[in-house]
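A.B. asks: Chains W and P are the protein sequences, given in the same order. Going by the working numbering, 445 is the number at position 445 of the first sequence; the sequence numbering is gapless. Throughout, the working numbering is defined as the position within the second sequence, counted from one, plus 1000.
Hints are computed from structural coordinates only; laboratory data are not their basis. Note that CB positions come from ideal geometry on N, CA and C, so glycine has one too. Any given hint might turn out to be false.
Which chain W residues stay away from chain P? Per the calculated CB distances, all over 10 Å, these [said to hold, decoys possible]:
#, residue
1, P9
2, P18
3, L36
4, M68
5, S102
6, V220
7, S256
8, A279
9, G320
10, E340
Distance ranges between label pairs, derived from CB positions [to be verified]:
#, chain 1, residue 1, chain 2, residue 2, range
11, W, H460, P, V1216, 49 to 57 Å
12, W, N21, P, S1249, 51 to 59 Å
13, W, F67, P, P1379, 26 to 34 Å
14, P, D1203, W, H460, 43 to 51 Å
15, P, A1009, W, P94, 40 to 48 Å
16, P, P1005, W, N21, 30 to 38 Å
17, W, F67, P, W1389, 27 to 35 Å
18, P, G1062, W, K31, 23 to 31 Å
19, W, R120, P, E1176, 33 to 41 Å
20, P, P1379, W, N15, 29 to 37 Å
21, P, G1080, W, V41, 53 to 61 Å
22, W, L73, P, E1320, 52 to 60 Å
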Amino acid sequence: MSYRRYSIPTQPAPNSAPHPNRFRVKVRKLKLAELLLREAVHYRLDLPVVLSRPCVYGVFSGPVGGFMPREHLCVGCLRCSVEFPNVVRIHPNPERLGLGDSYLDPDTVDTLLYEAASGRVPVRGAGYAGGFGGDGWDGMWTDMSEIVRPTRDGIHGREYISTEVFLGSRPKFLRFDSFGRSIGERPHGLSLPIPILFDLPPLTARLERALTALVAAAEVLETLVVLPLGLVRERGVQSAAIVPLVEPARAHEMISLGWRPRMVELDGWDPAAFQALVAGLPDTLIGVRLPFGEDLLPLIEQGASAFHLTADYHGRTSAGFVLEAIRSTHSSLVEQGRREQVTLLGSGGIVAAEHVPKAILCGLDAVGIELSPLIALQARLLGEALNPDRAPLELPAFEAAWAKQRLVNLVASWRDQLLEILGAMGLREVRRLRGEMGRAMFQHELEREAFASIPGYGEHHD
Amino acid sequence: MTDRPDVLARITAKHTEALRRGFRAWPEMGFPPPTLGDLRWTPDLILSNWQQAESGKLPGNGLESARGASKGGFDVLEFGFLPEAQWLADPESVDTSLELNRRPYDPSVRIPIPWYGAGMSFGSVSEQVMLSRAMAAERWDTFTSTGEGGYPDSLAPYSRHVITQIATGLFGVREETIQRARIVEIKYAQGAKPGLGGHLLGDKSTLAVARMRESVPWVSLFSPFPFHSVYSVEDHRKHVDWLKTINPSALVVVKVSTPTDIDMVAVGSYHAGAHILQIDGSYGGTGAAPEIAKKNIAMPVELAIPRVHRYLLEEGVRDELVLMASGGIRTADDVAKAVALGADGVVLGTAELVALGCTRCRNCERGRGCPFGLTTTDPELSLLIDPAWGAERISNLYRAMQVRLRTILSRLGLPRLADLRGRTDLLRYRSASNGRKE
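Next up, chain W with everything else stripped away, as it sits in the complex:
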């Protein structure tokens, strides 16, 4: 097989539904008229000077200038407000503040929309503007290397980084006969060119077109989409990208369909159903979907090798926040000497590009995303989105081709951002990132080291 470099075909797919701008431009019309009159006198009717506007983005370049500002062009630079404090003020748009929910905030929504529209890595100037750290993902930083590179080729070397991951089980070593043919146990599973798959979308919305787009995008991306078996059969969708989620009671129905997907997920642990699926679908990877916090060892001993562990959409699990749950699952398997035998997929609470490398660094092989793709399609959350059964949202009308491209763009942007992180670390493969805890930095640990000798630190951290 010849080498083929994986690339994702991005192209612009601008928002199709209206989206609130970040800013409101409030001009005091009377003050503006006064200003113009005053300037007309001061500059002796030098019209190019009098009529020159303070905005370089065209907010005041409409036919009547500041009397009818083109608010959608405002980027919040505040030059107008600085120049003419009594005439114009820029306010946050309250409509935008209602985007998302308590976990997926308006800034994340805006970022997702940019990524989906452009397929590009968000770039901005002037350093970081957020909180110092925080809970969950925000309390973790990734390492970089001053001198080590993925390769010496290319400008940064990141052009040659592999994001391919293997899902399934592998023998500890391969055996060959005297003719070089593989004998004995062989790897059983599948490879994905990216460590991202589309997970079970919320089932609370009218999702027909979104489902079609998810499947089509997964095909373009050569990844997978997890969908309930019942839904797949009801809609008659067929694709090699689909991973049917099978309730134990429907295991035999799955086998009898004659459909041989690349992967099936068993919804919860049921030894009999698992064994039936393994026997009935010998070429299919049978994964087991469980909430984080379950003891995986007994399941591994019964033959399970691929687990899809889930948190709710806010990343909450019975074992704490999803980041801690991943670390704890990964490290338990390492201690038990089982980590190399199994694949860990995880989903829930992964809503931004930075969460992907962080989740993998903590121990996942690949991540599932469920809410972000729908936000990319301009879904509006109508309350707290917590799980597939409790995620009130509204999807606008859209064209299938547009939706597919938006999802492709989103994943392309996330992959490029993953490459940035890997490149900074000098890693050449995303597989090397998995569980590399020496390359993770946690706020509470670094603060303890840096600040423990400072009076008062102990009072706040006992």
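For chain W, the structure is supplied; the task is to place chain P on it using the hints.
C.D. replies: Just chain P now, with coordinates in the frame of chain W:
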């Protein structure tokens, strides 16, 4: 705006005047512009910076000028001052100077304030901004750095106060610009985009910028990461030797980011022959960078300083290497906290741009660049900054910062800044608050 130079001059004059009025007016209005600032650079920090840049005096009006609202790092630290009776009687006499060469060889270079200006390249900022910074550096007998975009001829008169930066793209690096510098900086990495190299967007690579960088105009310019000739401390040493061959009397700054092994990197730089190590924390930066890098890669400088300071002490080389911290130093209080955590001094970047009018709107990379004429190469927008005015603003900021730094030191009973280094016992950890005085 217009093709006619005379009209352009009149329009520029109108807006320049209006901007300067605004910079004076806003800090006095009693409330900030509704969308100004962010958690790190709060509205109060920006307005108090403008006030200092205007007057050269400590800010007033109840503005919180000491800390931001990021709920971590410098923003949760404060000083445990002595009772007033024990304060030094004459704060003016407090020595804030810093010797930049602690090696037993090479010339002594002492600056009266413990900071100098960070590298900002020609292309990422305008020539007018570079000139403003160089003129202020000359006035204060400190330094500013060229960044990696070359050394505009207009900076040559200030060469005693300009650090020549050599970065991975080697853009605009020439023997004569290395030879004329008292300090030469090798940039391995930068905090805004650790491990990712530099990137000048095509729109900013004008004819003048491209000529300076010896490249093609209107094409994006990437600086590779890292130096493809450096893969070890030994290679690093070779670089320093090469630099010293060109300019034997130059002090060498090594600028790195803050990886988990920053302590090892520091010792490696010491053994490679660096005089100054600049650790650039992940939350700083003035140029455009991927958002994912700014927030997530490498550690904030507040957490890196103590690690490096302690390790250099343990290795017995602390007093031979000057440790400069950068990446999020906003105020004199931040300077003092960085020194108390273990740095010798700091490098300022964004604080200087704020003094020139930056509102932290973070549109540096958009369209024609900064609408205030700072991070732009647009020939019309860059006229908004007059270098003499810019130098005065930065100089005033320095003056106010020095006053505040002396006040802090006198209240701690310390006659010299050097006495504060590593004195974490003088700091207090406080619970996070929103940064604004109640």
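A.B. asks: Could you run down the list of hints and mark each one as holding or not?
C.D. replies: The hints, checked one at a time:
1. P9: At about 21 Å from chain P, W:P9 clears the 10 Å cut-off, so the statement holds.
2. P18: At about 21 Å from chain P, W:P18 clears the 10 Å cut-off, so the statement holds.
3. L36: Nearest chain P Cβ is 13 Å from W:L36, so the label holds.
4. M68: 21 Å, holds
5. S102: 18 Å, holds
6. V220: The claim stands: W:V220 keeps its Cβ more than 10 Å from every Cβ of chain P (closest is about 23 Å).
7. S256: Since the minimum Cβ distance to chain P is about 46 Å, W:S256 lies beyond 10 Å and the statement holds.
8. A279: 44 Å, holds
9. G320: Fine: 21 Å to the nearest Cβ keeps W:G320 off the interface.
10. E340: 25 Å, holds
11. W:H460 <-> P:V1216: 49 to 57 Å: 54 Å, holds
12. W:N21 <-> P:S1249: 51 to 59 Å: 55 Å, holds
13. W:F67 <-> P:P1379: 26 to 34 Å: Holds: the Cβ-Cβ distance is about 30 Å, inside 26 to 34 Å.
14. P:D1203 <-> W:H460: 43 to 51 Å: Holds, since P:D1203 and W:H460 (Cβ atoms, about 46 Å apart) stay within the stated range.
15. P:A1009 <-> W:P94: 40 to 48 Å: 41 Å, holds
16. P:P1005 <-> W:N21: 30 to 38 Å: For W:N21 against P:P1005, whose Cβ atoms are near 35 Å apart, the range 30 to 38 Å holds.
17. W:F67 <-> P:W1389: 27 to 35 Å: Once the Cβ atoms are compared, 32 Å apart, the range 27 to 35 Å for P:W1389 and W:F67 holds.
18. P:G1062 <-> W:K31: 23 to 31 Å: 27 Å, holds
19. W:R120 <-> P:E1176: 33 to 41 Å: Given range 33 to 41 Å: holds, Cβ gap about 39 Å.
20. P:P1379 <-> W:N15: 29 to 37 Å: 33 Å, holds
21. P:G1080 <-> W:V41: 53 to 61 Å: 58 Å, holds
22. W:L73 <-> P:E1320: 52 to 60 Å: Taking Cβ atoms as reference, W:L73 and P:E1320 lie about 55 Å apart, which means the hint holds.
Checked against the numbered hints above, the structure breaks none of them.
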